[in-house]
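Per the working numbering, residue 1 is the first one in the sequence shown, and the count goes up by one each step.
No lab work stands behind these hints, which were simulated from the structure alone. All residues carry an ideal CB built from backbone N, CA and C; glycine is no exception. Please note that the accuracy of each hint is not assured.
Said to hold, decoys possible - In silico EDC-like links for lysine to aspartate or glutamate, alpha-carbon gap of 20 Å or less: (1) Lys187 to Asp311; (2) Lys203 to Asp321; (3) Lys203 to Asp270; (4) Lys294 to Asp113; (5) Lys207 to Glu244; (6) Lys248 to Asp85; (7) Lys203 to Asp73; (8) Lys187 to Asp281; (9) Lys294 to Asp229; (10) Lys230 to Asp281; (11) Lys294 to Asp281; (12) Lys248 to Asp311; (13) Lys207 to Asp131; (14) Lys207 to Glu129; (15) Lys230 to Glu138; (16) Lys248 to Glu232; (17) Lys230 to Glu244; (18) Lys56 to Asp85; (19) Lys111 to Glu45; (20) Lys187 to Asp113; (21) Lys203 to Glu129; (22) Lys284 to Glu232; (23) Lys330 to Asp270; (24) Lys230 to Asp73; (25) Lys230 to Glu288; (26) Lys320 to Asp85; (27) Lys111 to Asp58.
Stated by the list, open to error - Label-pair ranges, simulated between beta-carbon atoms: (28) Arg198 to Ser50: 33 to 39 Å; (29) His267 to Arg51: 32 to 38 Å; (30) Lys207 to Asp96: 40 to 46 Å; (31) Gly134 to Arg271: 20 to 26 Å; (32) Asp113 to Glu313: 43 to 49 Å; (33) Ser329 to Pro91: 16 to 22 Å; (34) Leu256 to Gly318: 40 to 46 Å; (35) Arg169 to Ser314: 48 to 54 Å; (36) Leu88 to Ser262: 28 to 34 Å.
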Amino acid sequence: MTRLLVTGGAGFIGSNFVHHVVENTDHHVTVLDALTYAGNRASLEGLPESRVTFVKGDITDSALVDRLFGETDAVVHYAAESHNDNSLHDPRPFLDTNIVGTYTLLEAARKHDRRFHHISTDEVYGDLELDDPGRFTEQTPYNPSSPYSSTKAGSDLLVRAWVRSFGVRATISNCSNNYGPYQHVEKFIPRQITNVIRGIRPKLYGKGENVRDWIHADDHSSAVLTILDKGEIGETYLIGADGERNNKDVVELILLLMGQPSDAYDHVTDRAGHDLRYAIDSTKLRTELGWAPKYGDFEAGLAATIQWYRDSESWWAGAKDGVEAFYASKGQ
1 MTRLLVTGGA
11 GFIGSNFVHH
21 VVENTDHHVT
31 VLDALTYAGN
41 RASLEGLPES
51 RVTFVKGDIT
61 DSALVDRLFG
71 ETDAVVHYAA
81 ESHNDNSLHD
91 PRPFLDTNIV
101 GTYTLLEAAR
111 KHDRRFHHIS
121 TDEVYGDLEL
131 DDPGRFTEQT
141 PYNPSSPYSS
151 TKAGSDLLVR
161 AWVRSFGVRA
171 TISNCSNNYG
181 PYQHVEKFIP
191 RQITNVIRGI
201 RPKLYGKGEN
211 VRDWIHADDH
221 SSAVLTILDK
231 GEIGETYLIG
241 ADGERNNKDV
251 VELILLLMGQ
261 PSDAYDHVTD
271 RAGHDLRYAI
281 DSTKLRTELG
291 WAPKYGDFEA
301 GLAATIQWYR
311 DSESWWAGAK
321 DGVEAFYASK
331 GQ
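Construct the complete structure from the given sequences, taking the supplied hints into account.
Here it is, written out as structure tokens:
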């Protein structure tokens, strides 16, 4: 049995990974999470205590991190400040968590010689033109657009430096936009779903032409496990499921799946520096490590996600009013 330490394991993508590990392996998981607004203990409810240990703490706490690394075999690093709008409002927490936090973990991995996998984002590559036929690959130069994506780019470069300079046994994955259960209602898809549930008209930035490459969180989880087991040290792998959709199409599909007219939404002020298009080429992951996504049908995955939010209002209701008040203050 492998002992995994998962940072940010009470957040959206991290908690989905913890559920995936428990359901598909014999590993024991220790979750380290600071339980900021984006972390939720309820996302781990129902998991057996014999398989999952929760530790509340910050990844910048070097003493705590050192102790936990001494008790584990491998580390999967999800913990991050990750919301673009928040990074434009207050960049400092992104520097603390994404840069200083990753440095703290890398030093512990170096000291204890632990296998380390770093979760990153396709946003480090900037964006593509809407009519560009290309996709991001592992060779695409970094060109981040926001404080969020620039701090994630910085954390990726720290991992690469610690591999080369100190021999840390690390890999990196950059994933496209995730959707699925346990995602905070500030994010695009759950915000629109919960708006409809509450009788609020969904909100669409600008014209809604911005394209994202969507992947179900469970597919992300299976890819990370594959990289952890089979990935070559020092390598970066891009994770994507060929799920390109523009935001307008996603909002309209949500409305249709929820029994509403497809045009029952409002256009709001666009985000500053809003990236146009993301698209992932996951050929390396698929051909070298043999991974393939389970959810090839975005509409089916979205329908299942809508049903989860319908069934789980107690999970998201407490945060909803505050999120909408924040966006209303910005005219969004």
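Consistency of the hints with the structure:
1. Note on lysine 187 and aspartate 311: the hinted pairing holds, with a Cα-Cα distance of about 18 Å set against a maximum of 20 Å.
2. Note on lysine 203 and aspartate 321: the hinted pairing holds, with a Cα-Cα distance of about 15 Å set against a maximum of 20 Å.
3. Distance restraint check for lysine 203 and aspartate 270: the Cα-Cα separation of roughly 10 Å lies within the 20 Å cut-off, and the hinted pair is therefore satisfied.
4. Under the criterion of a C-alpha separation no larger than 20 Å, the hint pairing lysine 294 with aspartate 113 is inconsistent with the structure, at around 33 Å.
5. For the proposed pair lysine 207 and glutamate 244, the alpha carbon gap of about 17 Å is at most 20 Å, so the pair holds.
6. Taking the CA atoms of lysine 248 and aspartate 85, the gap is about 19 Å. The hint holds against a cut of 20 Å.
7. Taking the CA atoms of lysine 203 and aspartate 73, the gap is about 44 Å. The hint is violated against a cut of 20 Å.
8. For the suggested pair lysine 187 and aspartate 281, the alpha carbons sit about 24 Å apart, so the restraint of at most 20 Å is broken.
9. Under the criterion of a C-alpha separation no larger than 20 Å, the hint pairing lysine 294 with aspartate 229 is consistent with the structure, at around 18 Å.
10. Between the alpha carbons of lysine 230 and aspartate 281 the distance comes to roughly 19 Å, so the proposed pair stays at or under 20 Å and holds.
11. Among the hinted pairs, lysine 294 with aspartate 281 is consistent with the structure: their alpha-carbon atoms are about 17 Å apart, no more than 20 Å.
12. Among the hinted pairs, lysine 248 with aspartate 311 is inconsistent with the structure: their alpha-carbon atoms are about 25 Å apart, more than 20 Å.
13. Simply put, lysine 207 and aspartate 131 have alpha-carbon atoms about 16 Å apart, close enough for the 20 Å limit, and the pair holds.
14. Of the supplied pair hints, the one linking lysine 207 and glutamate 129 holds, its CA atoms being roughly 15 Å apart against a limit of 20 Å.
15. Between lysine 230 and glutamate 138 the CA atoms are separated by roughly 17 Å; this keeps the pair inside 20 Å, and the hint holds.
16. The hinted pair formed by lysine 248 and glutamate 232 fails the criterion: a straight-line CA distance of about 39 Å is larger than 20 Å.
17. Restraint check for lysine 230 and glutamate 244: the C-alpha separation of about 27 Å exceeds 20 Å, so the hint is violated.
18. Distance restraint check for lysine 56 and aspartate 85: the Cα-Cα separation of roughly 26 Å exceeds the 20 Å cut-off, and the hinted pair is therefore not satisfied.
19. Restraint check for lysine 111 and glutamate 45: not satisfied, since their Cα atoms lie roughly 33 Å apart, outside the 20 Å limit.
20. Distance hint between lysine 187 and aspartate 113 is unfulfilled; the C-alpha atoms sit about 36 Å from each other, more than 20 Å.
21. For the suggested pair lysine 203 and glutamate 129, the alpha carbons sit about 23 Å apart, so the restraint of at most 20 Å is broken.
22. Distance hint between lysine 284 and glutamate 232 is fulfilled; the C-alpha atoms sit about 12 Å from each other, no more than 20 Å.
23. Restraint check for lysine 330 and aspartate 270: the C-alpha separation of about 10 Å stays at or below 20 Å, so the hint holds.
24. Between the alpha carbons of lysine 230 and aspartate 73 the distance comes to roughly 15 Å, so the proposed pair stays at or under 20 Å and holds.
25. For the hint pairing lysine 230 with glutamate 288, the CA-to-CA distance comes to about 9 Å; that is within 20 Å, so the pair holds.
26. Among the hinted pairs, lysine 320 with aspartate 85 is consistent with the structure: their alpha-carbon atoms are about 16 Å apart, no more than 20 Å.
27. With a CA separation close to 19 Å, the supplied pair lysine 111 and aspartate 58 stays within the 20 Å bound.
28. At about 38 Å, the CB distance of arginine 198 to serine 50 agrees with the hint of 33 to 39 Å.
29. For the hinted restraint 32 to 38 Å between histidine 267 and arginine 51, the CB-CB distance of approximately 46 Å leaves it violated.
30. Between lysine 207 and aspartate 96 the Cβ separation comes to about 35 Å, which falls outside the hinted range of 40 to 46 Å.
31. A hinted range of 20 to 26 Å holds for the C-beta pair glycine 134 and arginine 271, which are about 23 Å apart.
32. Separated by about 45 Å at the C-beta atoms, aspartate 113 and glutamate 313 satisfy the suggested range of 43 to 49 Å.
33. In this structure the supplied range 16 to 22 Å holds for serine 329 paired with proline 91, their Cβ-Cβ distance being about 19 Å.
34. Checked against the hint of 40 to 46 Å, the C-beta distance between leucine 256 and glycine 318 comes to roughly 28 Å, which is inconsistent with it.
35. A C-beta distance of roughly 41 Å is found between arginine 169 and serine 314, which places it outside the suggested range of 48 to 54 Å.
36. Take leucine 88 and serine 262: their Cβ atoms lie about 30 Å apart, and the range 28 to 34 Å holds.
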